[in-house]
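Novice: So you can see what is in the structure, the chains are spelled out below.
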Amino acid sequence: MTDIKINLLVKVWRQPSTNSVGSFVDYKVSVSPDSSFLEMLDEINNDLEMKNLEPIAFESDCREGICGTCGLVINGQPHGPIPKIATCQLHMRNFKDGDTVWVEPFRAKAFQVMKDLIVERSGLDKIIAAGGYISVNTGSIPDANAMPISKDVSSLAMDAAACIGCGACVAACKNASAMLFVSAKVSQLALLPQGQPERTRRVQNMVKVMDELGFGSCSNTYACEAECPKGISVKNIARLNREFILAHMKSDNIEA
Amino acid sequence: MNWLFRSLNSSIGKKVIMAITGISLILFLLVHLANNLTLFAGPTTFNTVVKSLDSIKPFVRVIEVILALIFIFHIFNGVRLWYENKIARPTPYAVNGSSKNSSLLSRTMIQTGSIIFIFLVIHLSTFWSAFNFSDLHQTHTYYEFTADMFSNVYYAIFYIIAMITLGFHLNHGFQSAFQTFGWNNKKYFPLITTLGFLYSVLMAVAFSSIPIYFLLIGGN
Amino acid sequence: MAKLDSKIPAGPLQDKWTNHKFNMKLVNPANKRKYDIIIVGSGLAGASAAASLGELGYKVKVFTYHDSPRRAHSIAAQGGINAAKNYQNDGDSVYRLFYDTIKGGDFRAREANVYRLAEVSNSIIDQCVAQGVPFAREYGGMLDNRSFGGAQVSRTFYARGQTGQQLLLGAYSALMRQVHLGNVELFNRREMIDLVTIDGQAKGIVVRNMISGEIEKYSAHAVVLATGGYANVFFLSTNAMNCNTTAIWRAHKKGAFFANPSFTQIHPTCLPIHGEGQSKLTLMSESLRNDGRIWVSKFKKDMREPNDIPEEERDYYLERKYPSFGNLSPRDISSRSAKEVVDEGRGVKGGEAVYLDFKDAINRLGKHVIEERYGNLFEIYETITGENPYTVPMKIYPAPHYTMGGLWVDYNLMSTIPGLFVLGEANFSDHGANRLGASALMQGLADGYFVAPYTIGDYLASAKPKQESLEHPAFELVKKENEDLIAKLLSIKGKQTVDDIHKKLGRIMWNKVGMGRNEKGLQEAIIEIAALRAEFWKDVNVVGSDKDINQCLERAGRLIDYLELGELMARDALERNESCGGHFREEYQTPEGEALRNDEDYDYVSAWEYKNLGSWELNKEPLIYENVKLATRSYK
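Protein chains in written order, with our numbering: chain X, 19 to 274; chain B, 63 to 282; chain P, 141 to 776.
One should not assume that every hint holds.
Facing chain X, a subset of chain P residues (Cβ under 10 Å, in silico) [unchecked claim]:
#1 L144
#2 D145
#3 S146
#4 Q154
#5 T158
#6 M164
#7 C383
#8 K394
#9 G395
#10 Y456
#11 Y589
#12 E611
#13 P613
#14 T637
#15 V768
#16 A771
Computed beta-carbon distance windows for the label pairs [to be verified]:
#17 P:K165 <-> X:I272: 43 to 49 Å
#18 P:G485 <-> X:D65: 57 to 63 Å
#19 P:E522 <-> X:K69: 34 to 40 Å
Below, simulated DSS-like cross-link-like pairs (lysine-lysine); rule was C-alpha separation at most 27 Å, straight line [said to hold, decoys possible]:
#20 X:K226 <-> B:K148
#21 B:K76 <-> X:K29
#22 X:K29 <-> X:K144
#23 B:K148 <-> X:K268
#24 P:K751 <-> P:K644
Read the hints as simulated data drawn from the structure, not as lab findings.
Glycine is no exception: its CB is placed at the ideal position from the N, C-alpha and C atoms.
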């Protein structure tokens with residue numbers, strides 16, 4: 019609720035469509051430090067619309083850091099400079115008067131730019147469709163307390179399940195690898211007793227689709243963990259590797 | 063065996079190859095270092111050790127072939143991964159923020175690896191070929207040859223730089239291999255990382271100590 | 141009245157659903173794949189319905205305007221999900237959950253629907269656990285529960301503060317499995333902009349492809365809307381940026397009745413507005429009121445910093461007015477009281493916020509206890525506001541959160557248009573005039589997993605609807621209408637942006653159709669909204685083209701509907717001359733300022749039938765209470 023404003027030069031990637039050439043466009047803004055980063059973009063857009071110019075296309079939805087829709091690379095960092103938050107939770111008080119701020123879309127072969135800062139991340143859905151579930155039909159179920167699960171295991175599974183599917187791990191990785199995303203789901207389900215029947219199939223099928231979609235492989239730089247808005251640990255990637263190696267060694271499925 | 067080929071060709075499979083060959087090379091370096099350190103025990107010891115290897119030449123040759131295969135796999139796979147990973151991000155970022163989320167050493171494995179590769183070529187073409195295939199040893203002892211080589215300041219400095227680069231490569235590579243095998247847990251991983259750091263420092267310092275030693279004593 | 145048949149099955153309350161399930165017709169397993177079902181929305185209700193119907197063998201098409209079905213706003217629900225498991229042995233039962241929900245809804249919900257909701261609640265927990273939802277557990281490995289507002293038992297299951305996320309991801313994974321198996325076809329980045337009816341039956345939808353801009357037609361035997369609530373009519377609410385009323389509103393204009401539109405829940409503990417640029421409001425968990433004390437200065441426009449205001453100059457107004465419940469007074473009371481003191485000019489520095497102070501709790505329990513209880517909430521607060529709530533009191537203010545109203549549905553969740561089913565927050569069915577905490581997730585999943593799969597099958601088996609060809613003139617007509625509408629929007633080229641006008645609407649709604657409503661204000665609102673609608677069509681500027689990603693056009697299309705819905709909300713609030721739940725008419729209160737219900741004249745569901753723009757006909761569905769006795773809520 020301060021009246022002081024900070025002045026910034028914001029350089030935003032503008033690209034009319036997937037196949038057109040993009041470039042950075044400069045915007046001078048004067049914004050309240052209490053504004054969120056996306057509200058700052060809203061203000062730029064409102065001004066552009068007033069001038070009958072096309073607003074910057076960017077995605078966001080819940081603006082509470084849980085839906086995973088928003089995702090911008092700000093000064094080279096997915097979701098900006100503050101750890102463990104999504105772009106929508108970044109506030110302008112983290113910038114200084116006179117700063118230049120570069121805003122780019124997530125970049126990966128598997129994440130095509132659709133327009134300006136919007137990228138297509140449905141590859142992540144395809145990976146989940148390949149096996150990121152427990153095959154149980156509605157109704158064919160035992161009582162919820164029929165199978166006790168240790169609090170520690172449940173808590174570890176929850177740590178992994180907290181993934182919001184934003185794709186920042188892919189954007190941060192120098193190889194545009196989706197390993198952290200895949201490992202979070204594989205870990206959650208490999209840890210829980212409900213996930214055991216499909217344990218080997220799941221990891222094999224999910225990794226296969228991940229590879230087909232053109233994501234890179236893991237170089238263990240751990241940039242993904244550093245930029246993950248939910249702080250998902252790279253220990254999950256280790257677990258994914260382990261699950262994958264064991265699945266291939268043990269499984270009789272020679273087609274995988 | 064198609065399934066094996068497919069498994070090893072997957073993104074994780076290729077990493078597993080890097081890790082297995084990497085760990086093998088880490089073990090080889092220990093043996094190699096032990097050998098080299100006998101230089102400090104003086105000409106007689108060193109010459110005896112090298113000669114004794116001569117006496118089991120066929121065995122050494124087999125080991126060398128295996129070692130060569132390991133190197134080739136490691137290098138080929140490394141370059142392949144680097145190339146494929148480049149393709150996974152066709153458009154680079156205008157601002158590279160990677161220094162804020164990852165360590166320099168983890169991001170430069172291909173660069174440090176390339177320097178080590180250049181070193182390897184030079185190393186093989188000088189020491190290894192001289193020890194194995196030239197008639198140099200008729201005029202020099204192995205020890206004298208080594209001392210001669212390192213009395214060249216430029217050559218010695220090149221070696222030292224290469225060994226420091228090797229240290230950098232190993233520092234990331236060591237713990238990275240364990241992560242790839244899936245051996246990362248709360249209790250033991252900090253130990254592995256520390257061990258990797260100590261190992262890489264040991265390799266860099268101990269291998270460098272030889273050119274430094276000969277540089278200081280001036281080839282005598 | 142003949143128009144509204146709630147189709148509540150006969151028989152005792154406990155047996156209604158069981159008997160109904162038996163009496164419903166079934167579709168032969170081999171025939172299921174001959175039926176196409178369209179589902180709009182991929183939140184808890186939509187995703188769970190799509191997965192369940194796909195498992196049964198129907199050919200399902202799911203539409204979402206997101207890039208991925210996992211983005212739906214169900215994901216943001218924090219607190220938990222209720223179920224009558226009675227795992228805590230504290231006297232819970234299906235009947236108690238039913239009763240609490242009816243009472244919490246201030247006796248404005250259908251008994252039979254609410255009882256069914258309570259009945260299937262237990263299966264939901266079983267289902268979610270089987271899917272791998274990592275609910276909180278005790279050391280013994282059993283599921284943990286916590287208590288929530290409006291209940292005296294611990295029946296809320298939770299997964300940290302991310303219950304909605306985990307439940308949605310469970311439903312999403314079940315959905316993606318069906319996508320993988322080919323039973324469900326997924327259409328992302330498609331926004332439903334109209335319903336196609338032929339001979340009065342729902343036969344398909346028309347959507348805008350948000351990438352290409354193309355208007356696409358889809359036909360089916362039945363259409364399911366699970367498109368959530370409409371709190372964004374206020375511009376600022378806790379809803380996500382894209383939540384909108386378009387799907388249900390355009391279905392309403394095609395003949396689906398809209399029930400209880402004015403029933404809105406205003407959540408008392410949200411973060412206040414920081415300025416003009418505010419885009420949405422963030423909810424802070426209500427649990428903060430367990431230890432925080434709410435106060436404002438005794439003086440108007442007191443510009444001092446909170447810590448400079450001495451104790452004797454502070455007004456702990458909730459503790460003063462409601463000595464027995466104090467800071468834990470129910471949502472509606474607590475929200476209204478905050479508005480009162482702000483209207484008096486005693487809000488934080490004369491603005492729209494009140495203090496929520498933890499100083500006494502920290503002094504009494506120690507900082508570590510408060511940190512343990514609310515640590516992550518305090519962190520969220522500091523990220524957003526930049527202030528440390530351990531040393532400076534939090535600032536909070538109420539915000540629109542949930543809409544109990546929605547399309548009218550019968551017991552089978554079918555609207556007044558045959559073949560059009562409405563699930564989750566988009567329908568009106570289970571929460572009456574006020575929703576209890578942790579009940580929204582329960583309703584979404586109950587509808588999707590356990591109700592709609594039966595009732596839709598019954599419709600298909602008994603009505604035997606036939607699928608219409610996309611070449612049918614009705615499809616072409618609706619497509620053409622919408623193309624014209626878009627062309628018209630793009631041609632106005634006025635001087636105001638879409639958001640400018642939406643903010644104006646929001647202000648009217650908040651001031652006159654918000655927490656406290658009165659006859660004069662509502663009459664003014666009706667006139668003002670109509671005027672603003674005219675202003676929109678004259679002066680809005682929708683930038684860009686229709687053959688492209690155009691977020692400006694998307695927002696403009698949604699605002700058209702808000703500008704019409706806002707008026708209906710005001711009309712509904714004006715018609716209901718009583719106070720109940722989230723609907724508070726200032727004329728109808730007890731001398732102590734409590735809501736005064738009028739069961740004699742208003743114990744009905746208001747179902748509005750669209751006639752023309754600005755003209756509706758009210759149909760009443762009387763609420764018959766055979767099992768519970770109507771009582772007055774008291775929190776003094």
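Novice: Each of the hints needs a verdict: does it hold here or not?
Specialist: How the hints compare with the structure:
1. Of the supplied interface hints, the one on P:L144 is violated, with its beta-carbon coming no nearer than about 30 Å to a beta-carbon of chain X, more than 10 Å.
2. The criterion of a C-beta within 10 Å of any C-beta in chain X is not met by P:D145, whose closest approach is roughly 28 Å, and the hint is violated.
3. Annotation: interface hint on P:S146 violated; nearest CB of chain X at approximately 26 Å, more than 10 Å.
4. A cut of 10 Å between beta carbons decides the hint on P:Q154: the least distance to chain X is about 20 Å, and the hint is violated.
5. Of the supplied interface hints, the one on P:T158 is violated, with its beta-carbon coming no nearer than about 15 Å to a beta-carbon of chain X, more than 10 Å.
6. The interface hint given for P:M164 is violated, since its Cβ lies 15 Å from the closest Cβ of chain X, which is over the 10 Å cut-off.
7. Because the smallest distance between the Cβ of P:C383 and any Cβ of chain X comes to about 8 Å, under 10 Å, the interface hint for this residue holds.
8. Using the Cβ-Cβ criterion of 10 Å, the hint placing P:K394 at the interface with chain X is not satisfied: the shortest such distance is roughly 27 Å.
9. Contact between P:G395 and chain X, as hinted, is not supported at the beta carbon level, the nearest pair being about 30 Å apart and thus beyond 10 Å.
10. At about 22 Å, the closest approach between the beta carbon of P:Y456 and any beta carbon in chain X exceeds 10 Å, and the interface hint on this residue is violated.
11. Interface restraint check for P:Y589: the shortest CB-CB distance to chain X comes to about 5 Å, inside 10 Å, so the restraint holds.
12. Hint on P:E611 is violated. Least Cβ distance to chain X is approximately 30 Å, over the 10 Å limit.
13. Against a cut-off of 10 Å between C-beta atoms, the interface hint on P:P613 is violated, since the closest Cβ of chain X lies about 34 Å away.
14. Interface restraint check: P:T637 against chain X, minimum CB-CB distance 4 Å, threshold 10 Å, status holds.
15. Given the 10 Å rule on beta carbons, the hint for P:V768 is violated: about 28 Å separates it from the nearest Cβ of chain X.
16. With a least beta-carbon distance of about 33 Å to chain X, the hint placing P:A771 at the interface is violated under the 10 Å criterion.
17. Distance hint check: the CB atoms of P:K165 and X:I272 are about 47 Å apart, consistent with the given range 43 to 49 Å.
18. Between P:G485 and X:D65 the beta carbon distance is about 33 Å. The supplied range of 57 to 63 Å is therefore violated.
19. A beta carbon spacing of about 36 Å between P:E522 and X:K69 agrees with the range 34 to 40 Å that was offered as a hint.
20. Restraint check for X:K226 and B:K148: the C-alpha separation of about 19 Å stays at or below 27 Å, so the hint holds.
21. Our distance criterion of 27 Å between C-alpha atoms is broken by B:K76 and X:K29, whose separation comes to about 39 Å.
22. Proposed proximity of X:K29 and X:K144 is contradicted: the alpha carbons are some 33 Å apart, above 27 Å.
23. About 32 Å separates the Cα atoms of B:K148 and X:K268, which puts this hinted pair outside 27 Å; it is violated.
24. Distance hint between P:K751 and P:K644 is fulfilled; the C-alpha atoms sit about 26 Å from each other, no more than 27 Å.
Taken one by one, the earlier hints fail for this structure at numbers 1, 2, 3, 4, 5, 6, 8, 9, 10, 12, 13, 15, 16, 18, 21, 22, 23, listed in ascending order.
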